[in-house]
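Protein chains: 2
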Amino acid sequence: MKISILGTGNVGQTIASKMITLGHEVFMGSRDAQQARTRTQSNPMSGTSFAEWLKTYSAVSLVDYKDLPADSDIYINCTQGEGSVAALEAAGKEKLNGKIILDIANPLDFSKGMPPTLFISNTDSLGEKLQREFPESKIVKGLNTMNCNIMVNPSMVPGDHNVFLSGNDEQAKKEITSLLVTIGWQSNNIIDLGDISTSRGTEMILPIWLRLWGALGTADFNFHIAQK
Amino acid sequence: MKISILGTGNVGQTIASKMITLGHEVFMGSRDAQQARTRTQSNPMSGTSFAEWLKTYSAVSLVDYKDLPADSDIYINCTQGEGSVAALEAAGKEKLNGKIILDIANPLDFSKGMPPTLFISNTDSLGEKLQREFPESKIVKGLNTMNCNIMVNPSMVPGDHNVFLSGNDEQAKKEITSLLVTIGWQSNNIIDLGDISTSRGTEMILPIWLRLWGALGTADFNFHIAQK
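If you read the protein sequences in the order shown, they are chains Y and U.
Per our numbering, the first sequence runs over residues 1139 to 1366.
Per our numbering, the second sequence runs over residues 1139 to 1366.
Certain hints may be false.
Identical copies look the same in the list; a pair holds intra-copy or inter-copy alike.
[As the list claims (entries may be wrong)] Listed next, the in silico SDA-like pairs over lysine to any residue satisfying Cα-Cα at most 20 Å (straight line): (1) K1366 / G1297; (2) K1366 / D1298; (3) K1366 / I1321; (4) K1312 / L1354; (5) K1237 / D1209; (6) K1267 / P1253; (7) K1250 / N1260.
Because the hints were derived from the structure by calculation, they are not lab data.
Please take these sequences and the hints and turn them into a complete structure.
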């Protein structure tokens, strides 16, 4: 498949690495690809710089958002929540018409100190906002409830644990489910919550995720819905 | 122990039943005990009326909030979130000074239709609000992330799954932990998230809980934090 990833941060790199490993054709969009290419500052999460990462994953085509291909099978939003609308607009609304956008972003607001709060929640969500701003696109919210290493390597946490999907388009959710299965997610651990308004639920799980990170002293955990 | 329960709804009844079964002396507070005693309408969750329930659990002392005993070891807030402050105020602020209050309530707002939203969230929580309103009490938020049958019978969901605690007083959290262990919670499944501000996390989990209820078609599930 041809996959376009928006965002060159830790999440974008982790997803892109996995997609390359799976044999996909991967494009990565940045606000300023030329500037991003020279980023030599180490990422505090991964320990390597984007420039170093790009050398390892040289099959990735790094471009400005506007130059992401119009014929991608899937677009994956790995930007920070506050920059998501601008990033997708820079990619081009017409280009995204009819396309599946997997939205991994969370509406984290770091402006009020730590831990971050959400800049949209409760009666609305980032997933819904993206669906409103890009009404002809098929937004599927997913993977946003765990650290990115688990997103692409679910078996690093033993036993059953879950990934949640939200979206208005059933076929788009099926295609994202298929992609998740190729990543290593067991289909019985993929829970379809319903339409895009259920994004509120997964985005509002972030505050307890952040506190669990503190309480457990590790980000290597995931939510599992234990059932009778 | 002497245990006072605020609220006579499904959650209050379920907790009171368990506390009676465990041999505790149980008081139950209502806005109007006399009126509550004659409530013959069936509870849609349990299928029985409060009047019927009271006959079965005749050891429960039903009183007005103001008549709850001042020497209870633990007070348990099982009221609806929007009535919690008023209920605790009716019980009496002085009476509650220095006392442990286990807060199971959630700030659900049904006024905007279904599913409910939260009337306080993101930058504040009901747990924090109660701690501010009753500064001399020891609020411990807990058990609010699951249906009440699981609260008192965790083994009805097989395997490991979790209960989360939030509170400023370490000793109070220890006493609630001990109570939970007598109910059947394994101590390794009780996660202390930190101070009372971590209530935001557990209260904000409600929106996904409600959507999971719909998606799974059952409320007999609980959150489990799967770890590496």
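Verification of the hints:
{"no.": "1", "hint": "K1366 / G1297", "result": "both (16 Å within a copy, 9 Å between copies)"}
{"no.": "2", "hint": "K1366 / D1298", "result": "both (14 Å within a copy, 11 Å between copies)"}
{"no.": "3", "hint": "K1366 / I1321", "result": "between (27 Å within a copy, 18 Å between copies)"}
{"no.": "4", "hint": "K1312 / L1354", "result": "between (34 Å within a copy, 18 Å between copies)"}
{"no.": "5", "hint": "K1237 / D1209", "result": "within (9 Å within a copy, 64 Å between copies)"}
{"no.": "6", "hint": "K1267 / P1253", "result": "between (23 Å within a copy, 19 Å between copies)"}
{"no.": "7", "hint": "K1250 / N1260", "result": "both (18 Å within a copy, 12 Å between copies)"}
Hint compliance for this structure: every hint is met.
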